[in-house]
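**Student:** Same order as they appear, the protein sequences are chains A and B.
Numbering-wise, our numbering puts 60 at position 60 of the first sequence, and it's gapless, one number per residue.
Numbering-wise, our numbering puts 86 at position 86 of the second sequence, and it's gapless, one number per residue.
Be aware that one or more of the hints could be misleading.
To be verified - Here are the computed distance ranges between Cβ atoms for each label pair: (1) Asn-61/A to Asp-63/B: 41 to 47 Å; (2) Ile-26/B to Tyr-39/A: 16 to 22 Å; (3) Ser-70/A to Thr-100/B: 19 to 25 Å; (4) Gly-72/B to Ser-54/A: 22 to 28 Å; (5) Gly-40/B to Pro-79/A: 26 to 32 Å; (6) Lys-14/B to Arg-77/A: 43 to 49 Å; (7) Thr-38/B to Gly-53/A: 33 to 39 Å.
To be clear, the hints were calculated from the coordinates, so they are not data collected in a lab.
Ideal Cβ placement from N, Cα and C applies to all residues, glycine included.
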Amino acid sequence: AQSVTQLDSQVPVFEEAPVELRCNYSSSVSVYLFWYVQYPNQGLQLLLKYLSGSTLVESINGFEAEFNKSQTSFHLRKPSVHISDTAEYFCAVSDRGSTLGRLYFGRGTQLTVWP
Amino acid sequence: DTGVSQNPRHKITKRGQNVTFRCDPISEHNRLYWYRQTLGQGPEFLTYFQNEAQLEKSRLLSDRFSAERPKGSFSTLEIQRTEQGDSAMYLCASRQGSNTGELFFGEGSRLTVL
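Please build the complete structure, drawing on both the sequences and the hints.
**Tutor:** Next up, the structure:
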């Protein structure tokens with residue numbers, strides 16, 4: 001079975017500061033990795049994903065995440081955050097070998113950006 | 001709007017009553033998932049449909065829970081004899097094609113059992 005640990009439940013930062021949201025996973029099989037974002041009163045949206053190839057993946061709004069196999073991590077980073085980035089962020093994994101595509105989520109990290 | 005639609009958005013019920021939630025996925029999506037999210041936790045998998053076939057059910061889905069997807073279109077999740085522990089946000093998601101494709105989530109149905 002897979003499990004995902006998001007070490008920080010809340011991360012407060014000031015606008016234009018850098019941020020890192022940490023994610024570690026545990027799995028006995030190879031996995032795909034995802035970050036989802038949930039803005040207030042909205043459904044979860046895919047932010048970025050790692051399937052294969054380059055271990056550094058980027059989103060269209062400036063976030064990036066790096067897959068580190070040896071540390072079983074997939075931390076999310078942004079060099080300069082905006083107030084509009086305030087949201088809850090969920091890290092998730094799925095089993096590469098399964099056609100089901102079931103996602104295992106972490107408990108989430110609430111990012112709050114202050115002016 | 002062509003996103004995933006869930007109804008009702010909010011449901012308050014008394015313990016012991018039955019409730020039903022509906023999910024309308026994106027029309028061309030053949031895969032449909034139900035998840036449950038409680039306060040302070042990430043979504044937890046409940047069940048999965050590929051077209052009209054229910055292919056997997058989590059152990060979280062007790063005998064009081066039943067899900068259907070007739071004709072492979074919309075899906076319903078029914079909870080019988082609700083308990084206070086059933087209070088949660090019930091999320092529906094859909095995708096088309098492979099298991100690496102983007103999973104699109106609805107806004108959820110929040111259940112409060114008094």
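**Student:** Next, verify each hint and record whether it holds.
**Tutor:** Taking the hints in turn, this is what the structure says about them:
{"no.": "1", "hint": "Asn-61/A to Asp-63/B: 41 to 47 Å", "verdict": "44 Å, holds"}
{"no.": "2", "hint": "Ile-26/B to Tyr-39/A: 16 to 22 Å", "verdict": "19 Å, holds"}
{"no.": "3", "hint": "Ser-70/A to Thr-100/B: 19 to 25 Å", "verdict": "23 Å, holds"}
{"no.": "4", "hint": "Gly-72/B to Ser-54/A: 22 to 28 Å", "verdict": "36 Å, violated"}
{"no.": "5", "hint": "Gly-40/B to Pro-79/A: 26 to 32 Å", "verdict": "29 Å, holds"}
{"no.": "6", "hint": "Lys-14/B to Arg-77/A: 43 to 49 Å", "verdict": "47 Å, holds"}
{"no.": "7", "hint": "Thr-38/B to Gly-53/A: 33 to 39 Å", "verdict": "35 Å, holds"}
Of the numbered hints given earlier, the model fails hint 4 alone.
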